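**Q** Sequence lines, in order, name chains A and B.
The opening residue of the first sequence carries number 1 in my numbering; numbering runs sequentially from there.
The opening residue of the second sequence carries number 1 in my numbering; numbering runs sequentially from there.
None of these hints come from the bench; they were simulated from the model.
In this text the structure is predicted, and so the values were computed from the model without any measurement.
Take these hints with a grain of salt, some might be off.
What the hints assert, rightly or not - Heads up, simulated BS3-like pairs for lysine-lysine below, C-alpha to C-alpha not over 27 Å straight-line:
#1 A:Lys252 <-> B:Lys77
#2 B:Lys71 <-> A:Lys249
#3 B:Lys52 <-> A:Lys252
#4 B:Lys71 <-> A:Lys252
#5 A:Lys249 <-> B:Lys77
#6 B:Lys4 <-> A:Lys249
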Amino acid sequence: MAIPTDTLPKQEVKLSKEEVLRYSRHLIMPEVGLEGQLKLKRARVLLIGTGGLGAPLGLYLAAAGVGHLGLVDFDVVDFSNLQRQVTFSTGDVGKHKTEAAKARLSGLNPTIEIETFETRLTSENALDLFRDFDIIVDGTDNFPTRFLVNDASFLLGKPNVYGSIFRFEGQATVFGYPGGPCYRCLYPEPPPPGLVPSCAEGGVLGVLPGIVGSIQAMETIKLILGSGDPLVGRLLLFDALGMRFRELKLRKNPACPLCGEHRTITKLIDYEEFCGIRGEEAPPMTDGIPEITAKDLKSRQDRGDDLFILDVREPHEYQICNLNGKLIPLGDLPRRVNELDSSREMVVHCRSGKRSADAIQFLQKAGFKKLLNLKGGVLAWADEVDPTMPKY
Amino acid sequence: MAVKVMIPTPLRQFTGKQASIECSATTVGEALGSLTGTFAELRKHLYTDEGKIRSFVNVYLNDEDIRFLDKENTHTKDGDTISIVPSIAGGSSKQPKN
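With the hints as constraints, model all of the structure from the sequences given.
**A** This is the structure we're talking about:
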């Protein structure tokens, strides 16, 4: 079954001689053929996010001849993106992602239209943005936006091609297919902030979004062509370390608040509130935690004060840069607390100050009194004291 | 009944980095109980304070979601695989935030 791409007015399209040559490897396959290629040319696909998943998505959909691509992103290209966001070149650092991606995709295929939306997706703009597209592809990186993409796609009756990644693991499926489940059928609620070990456990192997985003691109093209078995009602799990694909059944939940029998969600809501956060990076809870700035720490060290430095990051982070402190990862602190001397004044630090604040709360409960949190962590040290220290 | 419990990447830090754990159980609840008995840290990531499986964690017996079977009372057979599948949100995975 093809997804209903005929809900939007479509003009007659043809392929030019150059396009016939460009798409010849599609055209000679009966599963695509001229009819399929024209479907691709007529299709309108909106990519939410032009990052790790958005890179292979944009490249393959543009190369395949999807006639109208929308790109939504508010971010600018950062040096640390280049390890996986293969749409961008080193020279793109500092440019808006939508513009850099548009330039790259237009270079790849000048025959398609690319529309950019340099904005954060919100409950206010999502329906208007989605309305003009046939298929929505979710390449975002946070829970509020994922619930928003799901709800807005469902409310407009558009399929939502889903992919997500974590370190070495990926998930993919198609939500919002007629009669199929939605994201809320799979997960009714997001995890509360702080419970999912995302911070110290962050990071991703660069190839992983390439694989998961390519699966999303494949499913998008299959939906447009109406061929094959779409990844509907099935959750594909990919374990890159074990190099295993597994498939789990994904059922429509009759009690789903969005698509179930007794719907309670009939319009878009406040997704940040729903996910228990305000702003993407909630400020760390530092109430009652004494702090020291990087500059003050440096001057006290220079003065010869006896300060014990405790680093609560992970060993692989310590290898990148450190302040010659004693390394006890936050997770190991409870069983290694006896290695610490509570009589000495102690400065606790991590990368930016959140984990060290947690460590200080733990140490305070364990009876430690002379504790200071390095405000801004090693990042602040690199900015304010030692510019030669690498940041990550 | 020997069953295998598959541990997802985000929770492996609580199982001594093991990707799967073999245990003996006749129901899914028993298997998870045995798991959280051995790895106490895992408990708060799987269960709410009221002892219910968290709504952002799904548990599958082989390829079926236990919410659509007999939930934690779902019986297990020798050789069954239980999968814990938490929601993950990464798309481009920004750098660690702390």
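**Q** Is it true that the CA of Lys71 (chain B) sits at most 27 Å from the CA of Lys252 (chain A)?
**A** holds, 16 Å
**Q** Going straight from one Cα to the other, do Lys4 (chain B) and Lys249 (chain A) come out at no more than 27 Å?
**A** Distance ~18 Å between Lys4 (chain B) and Lys249 (chain A) Cα, so the pair holds.
**Q** Is the hinted pair Lys249 (chain A) and Lys77 (chain B) satisfied, with a Cα-Cα distance of at most 27 Å?
**A** Holds, at roughly 19 Å.
**Q** Is the straight-line distance between the alpha-carbon of Lys52 (chain B) and that of Lys252 (chain A) 27 Å or less?
**A** holds, 21 Å
**Q** Is the hinted pair Lys252 (chain A) and Lys77 (chain B) satisfied, with a Cα-Cα distance of at most 27 Å?
**A** holds, 26 Å
**Q** Are Lys71 (chain B) and Lys249 (chain A) close enough, with their CA atoms no more than 27 Å apart?
**A** holds, 15 Å
Hint check: no violations occur; every hint is consistent with the structure.
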